[in-house]
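For reference, the chains in residue letters:
There are 2 protein chains.
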Amino acid sequence: MSLTNADPLEAAKAARLGSRKLAILPTEDRNAALTAIHAALAEAKDEILAANARDLASATKAAESGVLSQSLVKRLDLGKKGKYEDMLQGILDVRRLPDPIGRIGVRTLLDDGLVLERKSSPIGVLLIIFEARPEVIANIASLAIKSGNAAILKGGKESTESFIAISNVISKALQSTAVPNGCLQLVVTRDAVGSLLSADRYIDLVIPRGGNELVRMVKQNTQIPVLGHADGLCSIYLHADCQIPMAVRVIVDSKTSYPAACNSLETLLVDEDALKTVLPAVAEALLSQGVSLRCDYTSKKALSSTLDKHQAVFLQDASDEDYKTEFLNLILAIKTIPKTETPEKAVDLAIDHINEFSSHHTDAILTSSKSIADRFLEAVDSASVYWNTSTRMADGQRYGFGTEVGISTNKIHSRGPVGLEGLTIYRWIIIGEGQVSMDYGSGAKKWKHQRLPVGDEEAIAQDEEELRMLKEFRAKRMASS
Amino acid sequence: MSLTNADPLEAAKAARLGSRKLAILPTEDRNAALTAIHAALAEAKDEILAANARDLASATKAAESGVLSQSLVKRLDLGKKGKYEDMLQGILDVRRLPDPIGRIGVRTLLDDGLVLERKSSPIGVLLIIFEARPEVIANIASLAIKSGNAAILKGGKESTESFIAISNVISKALQSTAVPNGCLQLVVTRDAVGSLLSADRYIDLVIPRGGNELVRMVKQNTQIPVLGHADGLCSIYLHADCQIPMAVRVIVDSKTSYPAACNSLETLLVDEDALKTVLPAVAEALLSQGVSLRCDYTSKKALSSTLDKHQAVFLQDASDEDYKTEFLNLILAIKTIPKTETPEKAVDLAIDHINEFSSHHTDAILTSSKSIADRFLEAVDSASVYWNTSTRMADGQRYGFGTEVGISTNKIHSRGPVGLEGLTIYRWIIIGEGQVSMDYGSGAKKWKHQRLPVGDEEAIAQDEEELRMLKEFRAKRMASS
Chain A
1 MSLTNADPLE AAKAARLGSR KLAILPTEDR NAALTAIHAA LAEAKDEILA
51 ANARDLASAT KAAESGVLSQ SLVKRLDLGK KGKYEDMLQG ILDVRRLPDP
101 IGRIGVRTLL DDGLVLERKS SPIGVLLIIF EARPEVIANI ASLAIKSGNA
151 AILKGGKEST ESFIAISNVI SKALQSTAVP NGCLQLVVTR DAVGSLLSAD
201 RYIDLVIPRG GNELVRMVKQ NTQIPVLGHA DGLCSIYLHA DCQIPMAVRV
251 IVDSKTSYPA ACNSLETLLV DEDALKTVLP AVAEALLSQG VSLRCDYTSK
301 KALSSTLDKH QAVFLQDASD EDYKTEFLNL ILAIKTIPKT ETPEKAVDLA
351 IDHINEFSSH HTDAILTSSK SIADRFLEAV DSASVYWNTS TRMADGQRYG
401 FGTEVGISTN KIHSRGPVGL EGLTIYRWII IGEGQVSMDY GSGAKKWKHQ
451 RLPVGDEEAI AQDEEELRML KEFRAKRMAS S
Chain B
1 MSLTNADPLE AAKAARLGSR KLAILPTEDR NAALTAIHAA LAEAKDEILA
51 ANARDLASAT KAAESGVLSQ SLVKRLDLGK KGKYEDMLQG ILDVRRLPDP
101 IGRIGVRTLL DDGLVLERKS SPIGVLLIIF EARPEVIANI ASLAIKSGNA
151 AILKGGKEST ESFIAISNVI SKALQSTAVP NGCLQLVVTR DAVGSLLSAD
201 RYIDLVIPRG GNELVRMVKQ NTQIPVLGHA DGLCSIYLHA DCQIPMAVRV
251 IVDSKTSYPA ACNSLETLLV DEDALKTVLP AVAEALLSQG VSLRCDYTSK
301 KALSSTLDKH QAVFLQDASD EDYKTEFLNL ILAIKTIPKT ETPEKAVDLA
351 IDHINEFSSH HTDAILTSSK SIADRFLEAV DSASVYWNTS TRMADGQRYG
401 FGTEVGISTN KIHSRGPVGL EGLTIYRWII IGEGQVSMDY GSGAKKWKHQ
451 RLPVGDEEAI AQDEEELRML KEFRAKRMAS S
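Same order as they appear, the protein sequences are chains A and B. Heads up, the first sequence is in the UniProt record's numbering, so the first residue is 1 and it goes up one at a time. Heads up, the second sequence is in the UniProt record's numbering, so the first residue is 1 and it goes up one at a time.
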């Protein structure tokens with residue numbers, strides 16, 4: 001690992017070379033590297049937080065003069081309660097997970113003595129470009145090493161102090177491990193992004209972590225595949241039959257628990273029948289937490305007549321633009337779903353709005369009806385779709401991945417929170433005895449195409465009893481064939 | 001399905017709308033559409049081959065005057081023995097395969113009453129751009145419909161007649177099925193590629209099927225993810241201990257069975273110790289099939305002293321460029337791997353050459369030593385890596401996928417031959433009871449993250465017999481509990 005001011009192309013080349021060695025390191029060596037990183041970061045907490053405080057001070061100043069957004073400042077803060085501990089815990093969680101590399105996914109008997117296998121492998125070299133969120137360095141480092149990938153990290157100038165502090169600690173920690181030098185490249189050179197994005201010879205995947213301007217810039221300037229999301233415009237559809245306490249809890253959490261996060265709620269769709277029954281309690285709770293409510297005509301009218309006067313004065317009018325906006329702040333757009341002949345038609349209107357305006361990141365429905373929920377879960381085309389829980393659940397740690405390299409709204413490879421599995425690909429391996437293609441086909445030999453066990457009984461059996469049965473069944477059949 | 005001369009953006013929009021309906025069609029409806037396509041194409045064979053013959057005649061003329069490459073002409077020919085039948089069989093094979101959509105891949109208990117599921121879904125809208133190979137239309141149509149994806153097909157001008165003939169047949173066949181109009185768009189408008197490549201709002205994935213110029217053009221002109229390969233520079237490493245008959249069979253098949261194919265052999269790496277033992281028989285067989293051998297100094301010298309004089313005169317000198325060239329023709333570059341202290345070091349030289357010069361498509365080793373083979377299989381970073389079989393095995397039909405949309409050298413999503421699974425993605429679904437993110441984390445509730453059975457017997461059973469057994473076992477246990 002090196003913190004480099006050198007030519008970014010050299011960094012990329014070094015990462016490529018290192019990646020070949022890292023890819024064949026045994027599991028224990030990769031886990032030992034995570035242990036070393038965790039210990040060093042725990043040890044250096046005060047020093048790193050001091051560096052982060054300096055970044056935070058400059059950023060706050062820049063935000064006051066309007067140069068930087070408030071939401072970026074919030075994402076920068078590593079001192080926020082529990083954040084540093086979560087970062088450390090993420091490293092241990094990743095270490096505990098099974099090795100994602102070298103797994104056989106498919107095994108097929110093509111013909112006698114001709115076996116095809118699909119075996120998981122690291123992707124190669126990752127380029128991660130991030131703006132704020134200094135904890136990303138630790139997340140990426142642990143996920144990359146565990147999955148056998150080399151990583152080049154390029155931080156934004158807002159987090160430079162934190163970046164250098166964390167980098168130095170990780171760098172020193174890795175020196176005593178088997179991870180080859182060069183596998184983690186921390187680039188602080190200014191203006192390095194352009195040449196890194198053109199290094200498709202050395203880099204296999206780019207993961208931008210930042211606002212949508214960064215993501216768009218990256219997509220427009222590279223032929224390397226890009227994993228991530230530009231926007232996080234998440235919606236909740238509040239069905240009229242939802243219990244009030246659940247609606248209040250879930251919507252307040254979705255909107256207020258971390259407004260600068262990509263999985264926070266931005267648009268609330270409300271059944272017309274819920275405007276005077278469920279919505280008032282929700283609006284009251286949101287207003288009391290300082291959330292600005294931007295309402296369409298119908299919902300504003302209903303709320304104005306039900307809320308206390310001193311609260312109702314704060315209601316605002318929504319513009320069309322508000323339903324296309326990721327506020328990343330304490331603002332919520334509210335839209336009424338009009339009454340229809342059947343409840344199904346109302347769900348379809350909500351689904352259509354979401355498929356048209358949401359960013360296909362995370363969308364939820366609140367209802368007590370299973371059939372209504374199923375319709376929604378089936379038709380909403382987003383990376384994560386929820387019934388009766390907060391949009392804030394969209395997160396690698398919460399999904400059980402330990403931590404994440406990011407959240408993807410791509411329709412290929414990895415979708416939603418991306419952990420270890422999203423950083424792997426596979427190779428197809430065939431072991432034969434000299435068979436050739438001309439042996440098969442019209443009028444010649446037939447393919448067998450028989451699925452073979454991959455030794456996965458443990459993974460697929462529901463319990464011990466079924467496992468025993470399955471193993472016996474397969475053994476008996478192998479013996480008789 | 002429509003064969004359109006209209007605005008390509010309208011075609012893309014129609015495909016997007018159709019895709020939403022196709023995505024929720026039941027399996028039987030999608031299979032019935034394949035039955036209809038198969039019957040119609042079988043019925044119309046003469047008519048389609050007549051159209052193909054017209055394309056072939058123009059292309060042959062163009063090739064004679066040097067405007068078109070010979071390899072393109074070869075790929076265009078649908079009348080080649082067995083090709084039409086293979087195309088028809090591919091449709092039936094795809095129909096027979098289990099439905100790739102709606103499968104639960106992961107089910108995790110996040111907490112009591114809070115369950116996360118990963119469910120497979122169609123990607124959405126595919127854009128397939130191809131030059132020759134008219135059978136691609138039938139392959140793509142069947143794979144797309146079976147996997148619930150809409151597809152826009154744009155053919156090259158060389159295959160226009162075949163394209164229109166096949167399109168009309170498929171179009172008529174689909175009218176009697178449940179597949180929504182618009183789900184298959186066959187674009188014959190000239191110059192439509194540019195606007196289709198910019199339609200990232202409607203199109204989720206581009207699959208170029210053609211020469212590397214087409215692939216590079218596509219990559220440079222779109223922000224939509226691209227699946228495929230530019231080059232197919234495949235290599236074989238011939239280790240000194242390989243039995244002569246196997247070496248001859250595998251190398252001749254790899255080079256000569258279809259030289260215009262991307263999985264054909266282009267570079268042969270030969271152990272120095274094999275130059276006068278195994279290589280002469282291989283060279284003799286290749287020369288007698290009209291293959292030009294471009295040899296490095298050492299291998300040419302060895303062959304000159306062992307081959308018959310009237311054969312040796314045909315040996316050519318290799319230039320550096322030859323080891324970077326995908327000939328797609330009866331030409332083979334031969335390079336010597338020099339003797340080293342240990343056999344492992346020689347393998348490493350071969351691995352280094354392949355990782356540097358091959359196109360990471362398909363590479364093979366011929367050896368009788370398991371440890372040598374394992375070293376090679378582990379370290380070669382290509383989509384397909386073989387031991388003792390022909391590089392021509394890299395093919396969706398041969399892998400058991402029925403047919404393929406193409407072969408990918410991408411390091412994300414799908415690698416190698418791409419069939420149904422490569423045309424799917426997934427959504428993450430959470431079903432809760434009102435739990436919110438603030439309930440969990442430092443000092444609050446702990447996540448359970450417990451793997452639950454996916455109850456997906458179809459996905460896990462190796463074959464019909466095991467599926468029956470597994471379902472019976474589970475049903476019996478459910479009844480008794």
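No lab work stands behind these hints: they were computed from the structure. There could be a bad hint or two in this list.
If chains are identical, the list can't say which one is meant, so a pair holds when it fits in one copy or spans any two.
[To be verified] The list that follows gives simulated cross-link-like pairs (lysine-lysine, BS3-like), each with its CA atoms no further than 27 Å apart:
{"no.": "1", "residue 1": "LYS445", "residue 2": "LYS45"}
{"no.": "2", "residue 1": "LYS339", "residue 2": "LYS21"}
{"no.": "3", "residue 1": "LYS471", "residue 2": "LYS448"}
{"no.": "4", "residue 1": "LYS45", "residue 2": "LYS446"}
{"no.": "5", "residue 1": "LYS13", "residue 2": "LYS219"}
{"no.": "6", "residue 1": "LYS370", "residue 2": "LYS119"}
{"no.": "7", "residue 1": "LYS345", "residue 2": "LYS471"}
Those earlier numbered hints the structure runs against, lowest number first: 7
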